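**Q** The lines below spell out each chain.
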Amino acid sequence: MNDEQIINLFWARDEKAITETDRSYGSLCRGLSQRILKNSEDAEECVNDSYLRLWQRLPPDRPDSLGGFLTRIVRNVSLDRLRQNDSLKRGGSAVTVSLDELEQVTGRSDVESGVMAAELGAAVDRFLRTQSQEARSIFLRRYYYFDTRTEIAERYDISAAQVSVILSRTRKRLHNFLKEEGLL
Amino acid sequence: MKSEELLNSLDHIGEDLLAEAEQNILVRTRRPWLKTAVAAVLVAAIGVGGWLTLNHFTMKSSVQATDPVSATEPAQQTTEPVQSVTLPMLEIGDSWETLPPQREHCRSENAITFSDPAVTALPVYTVDPEHDDFSYYKYNESQLRSILNETLRSLGVSRTGEFRPVHQSNDSSEDLVFINMEVTTGIGTISVTPAGSIYLEFTEPRNLSEIKELLNYPADSYVYSTDAAMDQRQLRLIPALDEPVEQLLVWFFGGVYLYTDQADLNTAGIEAISWYYRANEDWSGYSEPWRVCLGDYPLLSLEEARAYALNGYYLSSDYFYGPLTEELLTDVELIYSEFNFPQNKISGIQLPYYRFWINADLFGECSVCVPAVRPEFISDWEPGDEPAEPNTPAEGAPQLVKLDNGAYEVRGPAGSVEALQYAGIPEQEPIYTDVDQDGETELIYLFYGPSSDPHTEGIAVYGLSDDLPVLKASEILLLNGYQARLVQDKRIGTVWFVLDPSSSAPDGTEGVRLTLTVSRGYIQLTGANLPEGCERDWMPKPTEEEIAAAESALTGEYFSRLTVNKRIFFSDGRTRIWLENDAVLKKDLSTGEIETLFSLEPNAEIETLLLGVTENRLYFGWNEVEDWWGENVYSVNFRNEDRMDIGNALEYSFANGLLVLENFRTDVRPVTVQVIDGRDRKVVQYNVCWCSAFVDGSLYFVYMPELQEYGKLEGVPAEFRDRDVTLSYAVCRVDPDGSVTELGAIQRNYPNGWNKESAWIDPETHTISFDYTGICYDLFTLALKTDELPEDLHELVVEDFSAQDRYTDDCGNVMDYSYSIPRLDANTQGARAINAAIGKQTEELRQWAEEHEDGGYSISVYSLSYEVYVWQDVVSVVMKKSYYYDYTEYFVYCYDSATGRRLDTAELLEKLGVSEADFLDACRTKFREKYQALTGSMPEGERSQYEKDFPDHLPDSPKRVNLELAVYPDESGELIAVAPITSWVGAAFYYHLIPVLDIQN
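If you read the protein sequences in the order shown, they are chains S and R. Heads up, the first sequence is in the numbering used here, so the first residue is 1 and it goes up one at a time. Heads up, the second sequence is in the numbering used here, so the first residue is 10001 and it goes up one at a time.
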């Protein structure tokens, strides 16, 4: 079943929508959540919560990409759970690693910038579009999907070292970009 | 800013970027020129021009110098050594053979010069192994919507409708197949296929300026035109870019395709544009999605590449050989090789080459190439420092030999066109002509001029045919030092060149005329004032003595066709007429005077053959080159040049002033036979003929009498073409005097196929057989010559095999056998048919008799014998086969010695003048009488019960009495039938020989 058909089920309030969603995106969602939470039970709960949110969002939403829409929900739900568990800074999770790395971009600061997430996100979006497909895909796999370097290397059949180098450069470029944009 | 803010902000990243990250493929393109300060910092810090080189190939130094990874990597990662990025070794294979042929491929007003020091590396591409079978990426519908969204943003247009998936039915099934996603906009409809091919069809056609503006291309972007398949013109709009490398790459791989029928792109005629989606790209975009970048490879400089080429380290798909010198180089370009597409799989690599163009006397314009990538990155190309041995012609290729007179000859074994092409001689269209007069057309390849420029110094003239044994040596005549000008275009038979404009030919033509004559029977190069040794006679002409000797044997009053040393002449012993070049010449044999009788209109596309000469007419056949529909025949009265078109003929025979044509036309099928005399009278014409063959000057053919009125097959009503319709097939012979004799006719059903190759001659038995496809395969077999009949027709039947012996089977039974097998000793169709039938009945017994040994199975036939009866000219062979279990079979073969044909029952009755009805009545009566006599002792009630239960078994039932009965006339004038007489004991019936009619009267 394709995205449009699943979305139509949501719109028709047919409960098969959840089943079909899980069939198409369940493993993706659970993997993403598990990477964030490092706990399968928590991940399962987050995925289920995400399905509920999806049910509540559709309708009126009718996303172009159900997978993208859903993973966004899963990511946020999982990060929220991580915060709730106060695990964000404890280390050992992919998120922690990502945060540490992104400090290369933001600098070591505990002060909120006051920049709206949407504005910052739009800026990052603009930046990523100026990068090669290779650079931005690896960047997003690392910082959106929280893949490990090894997982990224396996996914794209390159060495982990190459992944490191590419991430490093991209972070550096992002830093410069945000600086030029006046967001840093 | 906290890093967490940044992390959270990724929630607002576009879905298309997320979808892209979901794919498992990285497209590693050349990194775009960084316009940020970072690049400048990097370059400045490293201090070497060409950041591409450094960043890609010496990662170690840059990493060590500037990479912050070591400072910030988490603990578990710092132990991992940082590896330098290495480029995979390349294997170029035969990729240089895929270079596009167009010399202008990389040319435009914005062409790149290769002395630009910034261009020190270029990408090399390979095929994505996941998609080497054209499976491409399979973007799903969600991804396709994202692509369309991105496209809309790039174009700055909004959609005016919903995204619509488009399906169409699959030809091989009723399933609907998804083909693309489309969306309507204010400017037109945009669609994208699962492979990522984007197509924008404008609502209103646009001109080029509008397209450029829409795509945000610079105004000086240009259109590159190539010839695509099906004579289509393919237009690609290439953006004008500032960076030379980007410009070069977009030349090869980028831009958008334009769709228009208009020649002038400044008019509003561009109806659509298309390009391939690339996730990372701006409009400079790189086309096919299966292209994957292996990396940016460092290049040789132009100077280095040139030095390699001049040292002999080059690759060439042209047949250039010999040392390459600076003087021969005329131009250079940088060009990418193409992928290979064998059997719908993509393979190979695309890498840049320097292509050096050469103009050499012997080879004309050709090229050699040098891989532009540095050789240390190539595993199968190793140029050296010392000059390489110059290329030499391959074994068997022509060798160049300079003659004393300054001309050149290239000699070598007879070979193919490829051998000539190896010598660098450009090929022209071949000449088709039957040089050796064997009825098969040879191809003569003519090469003239080292280039197509007629003013080029020197000329090469060459004649070759793979099928022509007379040309055993490949010869190229190179008249070096002569200015050549083509006077007349190549024609069948003659090619004329003019050399040396300072001299003049006898006919006033400027210069020396060199004539290459390629005609039936000879290939010859002649001319005036030519250096010694330049004239060539590839095939010897017959001498006058040889022709005269052939003519001295003529005795008839008409013109006869002679072939002397592969040349055709017509002669009656007093006048000789022949075709030479484009003229028909006539020679009075008593005075020796030669005159031109008739001139043919020269036409390179038509080959003319002189078919025959009569008292006042010439008969020509002409056909278009490569037209296999046969000759068109026309006649010209050489006294008044009156021309008459006769029609189409595939075969012809000319003798005694009579031309016999078998016409074959697709609209007159089967064939038409025409016989035409010297005064163009059609002596006879038969339509709807079936098959024919010439034997000793006579034409034998089969035609269908019932269909003559219809003229041609197209006019034959459908009811005659039904398979169940029985039609007549008559065999005729047309003799050289024009007389037609019908040899016989049979009836057959209309065949369901046409086989024009359905008449053939058996040279051993001198029979001609006619065949036809469909229900029956045999039509006729005629003996063209029959032996004389013996006085006693019994002598026509001889014993072919005899065996008598005693045999003991595996049970100890002793069995005596006696076999005598007959044969008709006559060379006729009927005799052959009878002998074949006898063979079928006796073959097994014969073989057993020859090969058996005691101790095998019991035999069932203990006797095989025959009798011969002659009644008038009917010879009947009655073979009797007797079985151990008291059963006897009779096999009757009736032979009409007058016609040489086998007679079946109906034909025998007709020959004997007996009506079928009388015969059948007589059989019923006689068979019933015999039955009554044999069953008289049976109890009446029992017999009547049998008769009631089995009516078909009665001796006079239709099952027993019909024209399948075997009958023969015995020598007392009685018609004997082999009668199956009912028996109520034992077998259902037993055969009895029963006289049924007295035929004496």
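Hint data in this document are derived by calculation from the structure and do not stem from the laboratory. Worth double-checking, as some hints may not be accurate.
Within a straight-line C-alpha distance of at most 30 Å, the following computed DSSO-like cross-link-like pairs (lysine-lysine) qualify [what the hints assert, rightly or not]:
no., chain 1, residue 1, chain 2, residue 2
1, S, Lys172, R, Lys10840
2, R, Lys10002, S, Lys38
3, R, Lys10881, R, Lys10959
4, R, Lys10840, R, Lys10880
5, R, Lys10959, R, Lys10948
6, S, Lys179, R, Lys10840
Computed list of chain R residues with no C-beta within reach of chain S, every gap over 10 Å [to be verified]:
no., residue
7, Ser10003
8, Asn10008
9, Asp10016
10, Glu10020
11, Leu10087
12, Phe10163
13, Gly10196
14, Ala10240
15, Glu10382
16, Val10695
17, Thr10935
18, Leu10993
19, Gln11000
None of the values given here were measured: they were computed from a predicted structure. Idealized CB from N, CA, C, for every residue including glycine.
**Q** Of all the hints given earlier, name the ones this structure violates by number, lowest first.
**A** 1, 6, 7, 8, 9, 10, 12
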